[in-house]
Structure formats: structure tokens, C-alpha cells
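Model the full assembly from the supplied sequences, consistent with the hints where possible.
Number of protein chains: 2
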Amino acid sequence: MEIKNLFQLNPEVVFLNHGSFGACPKPVMEEYLTWQRKMEFQPVEFLGRNHASLLKTSREKLSEFLQASPDDLVYVSNATTALNIIAWSIDLKPGDEVLGTNLEYGAMDRMWELICLHKGAKYIKVQIDLPIKSEELFVEAFMRQVNGRTKVIFASMITSSTALYLPLYKLCRIANSQGIISVIDGAHVPGQFPVQLDISPFDFFAGNCHKWMFAPKGTAFLYAKKNVQHLIKPLIISWGKEIDTLNNSDFINDMEYLGTRDISGFLTVPLCVSFLDEYLNQNARAQIYDLLIYAKDGMELILKTPKIVDSLERCIQMYAHQLPENVDGKMLKQKLYDDFKIEIPVSNQNGKQFIRISLQIYNIRSEVDFFLNKLEYLVSKCLVNSK
Amino acid sequence: MEIKNLFQLNPEVVFLNHGSFGACPKPVMEEYLTWQRKMEFQPVEFLGRNHASLLKTSREKLSEFLQASPDDLVYVSNATTALNIIAWSIDLKPGDEVLGTNLEYGAMDRMWELICLHKGAKYIKVQIDLPIKSEELFVEAFMRQVNGRTKVIFASMITSSTALYLPLYKLCRIANSQGIISVIDGAHVPGQFPVQLDISPFDFFAGNCHKWMFAPKGTAFLYAKKNVQHLIKPLIISWGKEIDTLNNSDFINDMEYLGTRDISGFLTVPLCVSFLDEYLNQNARAQIYDLLIYAKDGMELILKTPKIVDSLERCIQMYAHQLPENVDGKMLKQKLYDDFKIEIPVSNQNGKQFIRISLQIYNIRSEVDFFLNKLEYLVSKCLVNSK
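Residue numbers (numbering that gives the first Met the number 0), protein chains in the order written: chain A, 0 to 386; chain B, 0 to 386.
It should be emphasised that the hints constitute simulated quantities derived from the structure, not laboratory data.
Under the rule of at most 25 Å between Cα atoms (straight-line distance), these lysine-lysine pairs were calculated in the BS3-like manner: (1) A:Lys240 to A:Lys60; (2) B:Lys240 to A:Lys351; (3) A:Lys240 to B:Lys329; (4) B:Lys121 to A:Lys240.
So these bits of chain A aren't anywhere near chain B, every CB distance computed over 10 Å: (5) Lys118; (6) Leu302; (7) Val378.
For glycine and all other residues, C-beta sits at the position ideal for the given N, C-alpha and C.
Shown next as C-alpha cells:
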């Protein structure tokens, strides 16, 4: 109960949707405000003379956390922005193919489809059957579609609708060896699952800090390995690399100086890392995981639909279960909120509906019990055409 | 003195550079924080279910202020972003020409040059001789360069380095009649000078709210007339127009839903408009203008360089004067700050150096006196090669 007080969430809501937008703890919000006050105290010093050094200090702390070189990271507003920068930058030619999975976030499917359409390339969704039985089968599904036209492999490390941790390492090592660029949507990764970006086989990685790292909304990063940084072109052209800063990096200067904006969120990242160290220790993570298993078992029992995950090792702080086909997922979601103030998302993918629970340190067992109880109560009442 | 207390600016700094980043008053910052707290209280409601209606309410108030239809405006982070969206969106073909002036903001020159290079088009800077003697001469300078290849006319309504209000109406009416798209960089306009966008001849207009409207940093808008909105393509592709909102506008849905970000700044705009109404009334504006004339006369007397403006009617809250050629502008700027805590910018354009004073309601005559005094003292000490 004390931990929930660290957050600003409405105490009357059973908040089981950390995944969509995260939640920012009070100490981080205070830090955010402190930076904003400093910015307003002397805007020209803050956003002019000190801009580069302020961001650099923050980036260095983030880079330790991600085990990445600080020069290979730039701050952006969200993973969507990072992935757009990457996707527009890669020189796709007519006929080139981008392979994604059938488990990607819908907005990013839309992005690849529109960008590929624009460039005459093709976005192909590799069919991943759930549950994923092994990394070998996952890699094989991809490799069946790889050919001489394959330019990019794109996948979420943790999927959105289905909350699955996908086994990407072997796949991306093979991609690397074949000269295929790997682009990883890590929107849900930082703070939920550790990464070591520099020794990873990933060329590009997009991650949010505002989801599982507790940062203010609009705090995210784009990671690009040095050998692919020259590919990246900014979508917003400003002074860019012509600016005179302490950064001896065209990549950073082109990407971080985009006209006047509030960079305070980016500057809270070092505190977010400390907050994670303090509150998301091994013990806390084990407790969350136990509660996640408990929630999963309950959802399985109530919903009786096939599991989409074999071993829970592929879920970390989120778990998604398929709704029965005769359930009106939209109505269910709405009634859970309107009648019981339970905030939990339902989404559609490949003709199936998934209800996804997110668990964070502020969630407690009685909330999961309350949710399971109301889910059981409502699931038989929210049937298709029952309005 | 009381008015300065409404702001968070360092009281030890003589702040004569409102123009670069603006300054946000305390009541607006409190409103900003209030929105941020609401966002953190129930993030899914705020950024999910209520996202469109929150932005719509704010946009409506901004549209009244700008005399624009609310459906023709979208919020963006800054004018740089708005202009990039416009410039990338316009379908420039090889050989097409974009006419700008030789008085544009350097980052936007760079933007047009790179985008034109990318598309095989040409960015041409029309030579505007200063002072501008008449609107006719200004229009003529442009029209001499207009030909069948001219696709876009681009100009700042208030220039950055030279702080001049350019006479754009007649020019853009002619452009309109010839099927040439007009793109106006209004970065310094909203709050400093009234506009009536709907009855203006401008196709596209980019304006900041964080400069002269007192909004938090990162608050700006893109205006597009209905007949050119179909040209606009988002740089960041997300759910866009596929999202289910109350907005019956592809333009708004494509442009305002860009992944998770802090929209609180945008939501403070109605309060910014009220703040302007209250504090920037006719009387206050007249006082600022008087002080600007006073500053101008002083700078002229000290610097003895030719005036770049004939009548001060072409300046509003900013005034720029050319530095003598033998003055090291960079050193002068630095000494003004380091030795006397006077924050005022010096910039270079067309081989000339300009020192630009900005005046806002929080500035008082003794600050201008102090500046003039120190300018006189330093100008003979900061000579080229005198380091």
C-alpha cells in the first residue's frame, strides 16, 4: 500500500494497464518539475549553452543501464518516433522486402505498410504460431521467408497485444551474417527486461523510458550501432550537425537538436534508473512474477481458451490471454471500467481478442483477485450481439 | 517589478532575449503541472479516451486567437517541426524552385536546402535589401525570380536575426493567383503580432506558442488551409486517421496522434490566451513599443552602423541593429553575459552581425539603460583579433 503512494495514480482505479502509458512516480515527477524550473530560470543557458552537456550526462547514465555506448543513443519522444526515423531512413528500393511478424503493434504495421508502399517495397508479416514451441521454430518461420530481396527484419522484443517475449537473438545474428538490417521494437523492454545492446546482434533498437522505466511521458530512445548510424537521417531538419557542441557525433547532433522543446523528461532518466535499482530489485521482481502467474492461472481457468504461451518465462510483467470468440471484448473492457473501475486493455490481433494484464510494484494481490472475480462475473454477460 | 515576479526568470540576469525560447509565467507553469498531474492520475483516460477532446478544446481557443478554423490547426512541438512537415509533404519535383528570402532563420535555410537537394529541386534566396523601402519593392524582388518552375514561396513573417516584420500579404495573394504555395514561418508571430489566418492569403503557417504566447517550451502549431490539407503527410506514422476519435478530420488525426507524449503544454494554451489578454493589453504594448524605440535610438547612437529598418513599425517587441564590422560579435555577446549578466543574442547573416534586443512585459527601462551603458563600454573593447 505504501508503494502505491509513491505514484500519482487515482486510488479508486484498479490500474492493471501499466503497459500502455506507464506511470510516473512522485519523486520522478518532482525531478521533472525541478528541471522545468531550471529551464525557466535561465532558458538560454539551459536550452542553448548547456543543452548538449545536460543531455550527454543523462545519456551516459541511460547507456550504462542499457549496456550501450553513450554515443549510440539519442533521446526521442517515443518508440513510435524512433521506429519512424529508422524506417524512413533505411534506403528501401522497389522490390525490397521487410519481414515483420504477425504479432506487431498495429500502428507499426501501418507504418511499415505505408513506408513500403511509398518506396515500392513490400512489408511481409511472418506467421508465428502461438504458443511458440522453441526458438528454432521461431527462427525457421522467418528463414522460410528470407530471400535475396530481404532488406530488413523487424520484430518486437516484447509484443504489445500478446505480451510475449520473442526470441530474437539467434534470428538477428543470422540476419547480421546475411547483411540484413535488424530493427527491434523494444517499446516494452527497458525496465521490464535487461538488455545489453552493444553485445546484442541488433542494428537498431527503439525503447521507451516512460513505460517500464517510470520516466515522464514522451521519454524514449533510439539506439543505432556505429556501423549503421550513417544510414539515419533526421525527419526534423534543424541546425543538426552544423551546430557547435561538445558532441563529436553527427548522429547525436542531427537527432537531438530539433528546435525548442522541453527536454526535462530526458533529464530525469538517471533518477529513473536509480528508482528502478531501488524498487525493482530481484525480490520485488520475483513478487511481481508470482502475482503474474497467479493472474495467468485465474484467467486461464475463467476464460478456458488456449494458452498463447507455453512457459511463463516468455512473459515478465505483462500477460495476455485470449478471450472466447463469443465474448464482446470491447463491451467487456468498458464494463470492467464503468462498473468496477478496473483499467485493463482488450485488443484485437489476427481475428483474436486478447485481454492483457500489466503488473507493476504498486499492484497488490487483492486487485488481481478483484479483477478475476469481476472478469468471471462479466465474461458470460458480455456476449457478441448481447447489447 | 511585480510583473517580473510573475515569471521564473533568474532575477540576477538582465534578460533581453525573450525571442529565442520565450519565458513561461508562473500561472502557466502551474497549469502545466496541473495537467501533468491529471495525466498521471489516470493515464489511460487522459492519453487514451480523452486525448482527442482535450486537444480539441484547447485547439478551439487557439483558433479564436488566430482567427482560424479549429479544424485547420494541429499542435506540434515547434515551428521547426511544422515547417519540416510542410516542406517534406509538398511534392517537389526535380527542377521545381522554392523561393525564400536572404533573411530566413539559418536552420530553415538548411532544411530547404537539404530537402530540395533530396528531391532535385532548388532553394533560391531572394535578395532583400535593407531597409525595405516599400511593400512594392519587396514584392518586386520576389517577382523578378518567379517563373514557371516556382512551386513555393517561403518567408518569415517576423525574421529571426534581423527582427523585421516582412510585408507578406500582397506577395502571397499574387502567389495564390499563380498557383504557387505560400509557406510562412511565423515562429515569432503569435502573441507578438495579431494574425487572421482564415482571411489571410497564407496556405501554410507555422507558429510557436512558447515564444510570444507564454506557453511551456515545445508548444506550437501548424496551420493549413483546407484546400491544401490533403498535401500534408505526417513524418511520424502511427495509428493516424485509423484511430477512432471524435475528429472527423484525417488531417488532425494523422498529425496529433504520434505515440505517447506529454500533451500538457498544448492544454495550457487557453490560459496563455487569457494571460495575453490580461497582460499584453494595448497600454502594455504601447509601453513596450516606447521602450523598444528608446533601445533602438540608444543602439543606433552607440553602434553608428546603418539602420536596417526605416520605420519602427516593422518591429514590434524585438529590434536588431548591425554591429560594426570590426567588432567581434561572439566576444561581445559573451562579455555582456559573463561580465554583466546581460543575456542578448548576436547572430550572423549575409556576412553581417546583428545584436537583437527582445522586450517583454517583465523588462524595465533601467535594464535597457544598463544594457546600453555596457554595450557602449564593451563595443570598443571587443574588436576582431583583440583576443
